[in-house]
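Number of protein chains: 2
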Amino acid sequence: VPRHDAALLALDAALPSGAVRTDEASRHAYARDESEAAPVLPDAVVMARSTAQVAAVMEVASAHRVPVTPRAAGTGRTGGATCRAGGLVLAFEAFDRIREVDAEDHVAVVEPGVVLGDLRRAVDAARLFYPPDPSSWAECTVGGNVAENAGGPVAFKYGVTGHYVLGLEVVTASGEVLELGRRTKKGVTGYDLTSLVVGSEGTLGLITRATLHLLPAPEAVRTLLVFLDDEARIADAVGATLRTGIVARCIELLDRHTLAVLRDDGLPIPAEAAAMLLVEVDGSEVAVAIDQERVGNALTDAGALEVRLARSEAERERFWSVRRGMSRALRSRAGNKLSEDVVVPRSKLGALFEACRAISAETGVRMPAYGHAGDGNLHVNFLWDDEEEKPRVDRAIEALFRRTLDLGGTLSGEHGIGVLKAPFIGLEQSPGVIDLSQRIKAQWDPQGILNPGKIFAGPGGRPGHGWC
Amino acid sequence: VPRHDAALLALDAALPSGAVRTDEASRHAYARDESEAAPVLPDAVVMARSTAQVAAVMEVASAHRVPVTPRAAGTGRTGGATCRAGGLVLAFEAFDRIREVDAEDHVAVVEPGVVLGDLRRAVDAARLFYPPDPSSWAECTVGGNVAENAGGPVAFKYGVTGHYVLGLEVVTASGEVLELGRRTKKGVTGYDLTSLVVGSEGTLGLITRATLHLLPAPEAVRTLLVFLDDEARIADAVGATLRTGIVARCIELLDRHTLAVLRDDGLPIPAEAAAMLLVEVDGSEVAVAIDQERVGNALTDAGALEVRLARSEAERERFWSVRRGMSRALRSRAGNKLSEDVVVPRSKLGALFEACRAISAETGVRMPAYGHAGDGNLHVNFLWDDEEEKPRVDRAIEALFRRTLDLGGTLSGEHGIGVLKAPFIGLEQSPGVIDLSQRIKAQWDPQGILNPGKIFAGPGGRPGHGWC
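Chains as they are written, first to last, in this note's numbering: chain A, 1127 to 1594; chain B, 1127 to 1594.
Be aware that a few hints might be false.
Same chains, same label: a pair holds when it works inside one copy or across any pair of copies.
[Unchecked claim] List of simulated lysine to aspartate or glutamate pairs, EDC-like, C-alpha gap at most 20 Å:
hint	residue 1	residue 2
1	K1283	D1228
2	K1516	E1265
3	K1567	D1169
4	K1283	E1230
5	K1567	E1305
6	K1567	D1131
7	K1283	E1345
8	K1463	D1520
9	K1567	D1520
10	K1283	D1149
11	K1567	D1355
12	K1463	E1524
13	K1283	D1355
Calculated directly from the structure, the hints in this document are not laboratory data.
Full structure from sequences and hints, please.
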């Protein structure tokens, strides 16, 4: 029996009927993710619904040296859920129960395929708050959020996913089940392997359960819509907000091009506006009323064209909904799109905008940007129509990365490295750090079967130990 | 030339005159730390003042396989700064410059020997806030705080040291200098090796620079002194505080025995009080006035004997000063003291108190407790006078650990494992997790020369690769 068939037979024997799918339609359905990474057909798609099933899959995969690409909603932006060397896509979307929302201890325990929006609703119902809010929250899953260390707008005040992960159950490459971390809010027993798995993009272990810390729900949120007449004012406006001493819930930004998307969507944007900030404050009713006024005044003093309060929850939700849909809206405006999520120290936002303008002018590539201004985290998009423009796009991207690093920044604030940024990691990390990281990876996954070709590989992903 | 002498000669050649000390007085001065761990004489004490010097020390140490025990202020509570197998104590106390406090980007960059109190003053002067506040802040250093992932009262609202570490410069066992992490607030490039080093107790690498995230300083703080007539009310009172939905700055607790220390110190404590909470709220002036009232009312409704506001900053500071000195005050009340820092889910605090009472009654060991009630983090102290009582103390400690773990807790909330808790780590972590941790350790330190005998070793510390 060829290795391929032997592995499939073993998987079929270990899993419920229908869990292992080798039909063309299934394979094609799992060949790509939300990113622009080139699709690669897996040899089979395996649906897991329990820790025992995930462990069984990994026992077979390690025995047969089959690469395994974990995947939940596939909403990632760097190709992390696409397989590079065939093998299995291990789908977590049906492993999706909320096991617990403990309103006393402020803890939630969830399976990896739980959709973030579902968790948010369950937590809201307990009058608690799970802050991470990537734009894809209606579709993305908690397992994917943990694997990528997802952020979102309110990360400015509340931090990213990793800040809320107390403990993880993880299945290793060999199928061993490990309990990492804890259920308590504090804990320093042994090495922080939980944080090591957070953001490791499915390359160290497979997350089969997450224990999450919850906060009390803030009583009130106020949303300021802040319009600027020039993108050059963005950095000043962000600085003015920060200097109030009030930690806003978020400080989101839209540049001239992305503001146009809001206009096209019929949102009321002043004609002279060339940039916008969405600033929210939260807390008790009394506190937000005062904070909103102080932040609003500071922004007016900093030269904002107009500062106004969202008139209703419905208006607030309309702005956010268009903001959340920005990535897809931009994609629909060009034949091709690549999106980056670089971060610079906040004081360097102005310099980053200047760099984007210069790179766009030099390469002729359209580069609309939006993002999390408070964190210095900018989503710079690269739009082009014809394939022949691609070399210019590649040049523009590399120029952006180099300038970002010159400014003391980092290549990725929340999307991870995946396949698409893997060629560039050496610009940011030294050979010593990369070598140590890979030696640590080998302790978790000595055969290199867990999500091969991600983070550290060369262009397109180094071939894994595929069975093909 | 014997190995010992060859290493000392090489160190002397590599470092400034006076940096390598082998006199009896120096060796004795660095034989113990603030904990009850048995003192062990190092063969030499080396003072480092720069990254280059630390790297030079590790080059010599790895070439000669000499164990190195890093140490800054020596205020740790689990023996992490005591050497177990001779070799070098590498002292960081003079490597102590604050390199930068950047009020624009809210970042501080410090050397490892900076005293936390000095950093706090520098940050205050910039109207910013570095939250971690272990009781030893007037003496302990940032390097030690990072190595132990120190907490403190305000960790309840603001999180522990690790939440504020953006990046680290680290020297490995072989003397290689690695830059981990970043300067930006967000960043997910590669594995989170920064978080792996945080709390690793000097066993993975030596911290030579820390880049820290700062917050705006809260405008106001209000302190509530809450007296209870029975320790059994503590859990209810904490629950009542949490159910207000207000995230207090801290919720500290003192039991009957530790409250007596405050009384002896002349603080005004009602005669009927048998326990106390120190609850603080912070934020804008307006918000804290309201929050203080809401929390105070909730505590009164929960049956508090008395809830009153600290009358002045001086009164507030008097309470805190006695609270911060509690560990040493208790030590002065008995021949011997061991202090633990177990954590349970908050809802289990009542059960933990019951367990302490039962264990104390059964073993006859005095067990005064205080700690961070909001985090479920209790400092349980074991006091005894005669050496012959020690077996009963050991039994009491093991009983506390087992009960803590039964309640879903963890062995250490902020002190680390060090030497003193190393015999117990197997109660909390599985052989699989410990094995993986040790294999990761071996990637950083293949010869096992960095702080040997800590975290994972058996009683008293497994002998390292000493030169003796």
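Hint check results:
1. K1283 x D1228: between (23 Å within a copy, 19 Å between copies)
2. K1516 x E1265: neither (30 Å within a copy, 58 Å between copies)
3. K1567 x D1169: neither (24 Å within a copy, 36 Å between copies)
4. K1283 x E1230: Classified as between; 16 Å across copies, 23 Å inside a copy.
5. K1567 x E1305: Both. Shortest intra-copy (18 Å) and inter-copy (19 Å) distances satisfy the 20 Å Cα cut-off.
6. K1567 x D1131: Neither: 28 Å inside a chain and 38 Å across chains, both beyond 20 Å.
7. K1283 x E1345: Both ways: K1283 and E1345 sit 15 Å apart in one copy and 17 Å across, limit 20 Å.
8. K1463 x D1520: Only inside one copy: K1463 and D1520 sit 12 Å apart there, 64 Å across copies, limit 20 Å.
9. K1567 x D1520: neither (29 Å within a copy, 39 Å between copies)
10. K1283 x D1149: neither (46 Å within a copy, 52 Å between copies)
11. K1567 x D1355: Neither, since 49 Å and 54 Å both go past 20 Å.
12. K1463 x E1524: For K1463 and E1524, only the intra-copy Cα distance (15 Å) is at most 20 Å; the inter-copy one is 60 Å.
13. K1283 x D1355: neither (27 Å within a copy, 38 Å between copies)
Checked against the numbered hints given earlier, this structure breaks hints 2, 3, 6, 9, 10, 11 and 13; the rest are met.
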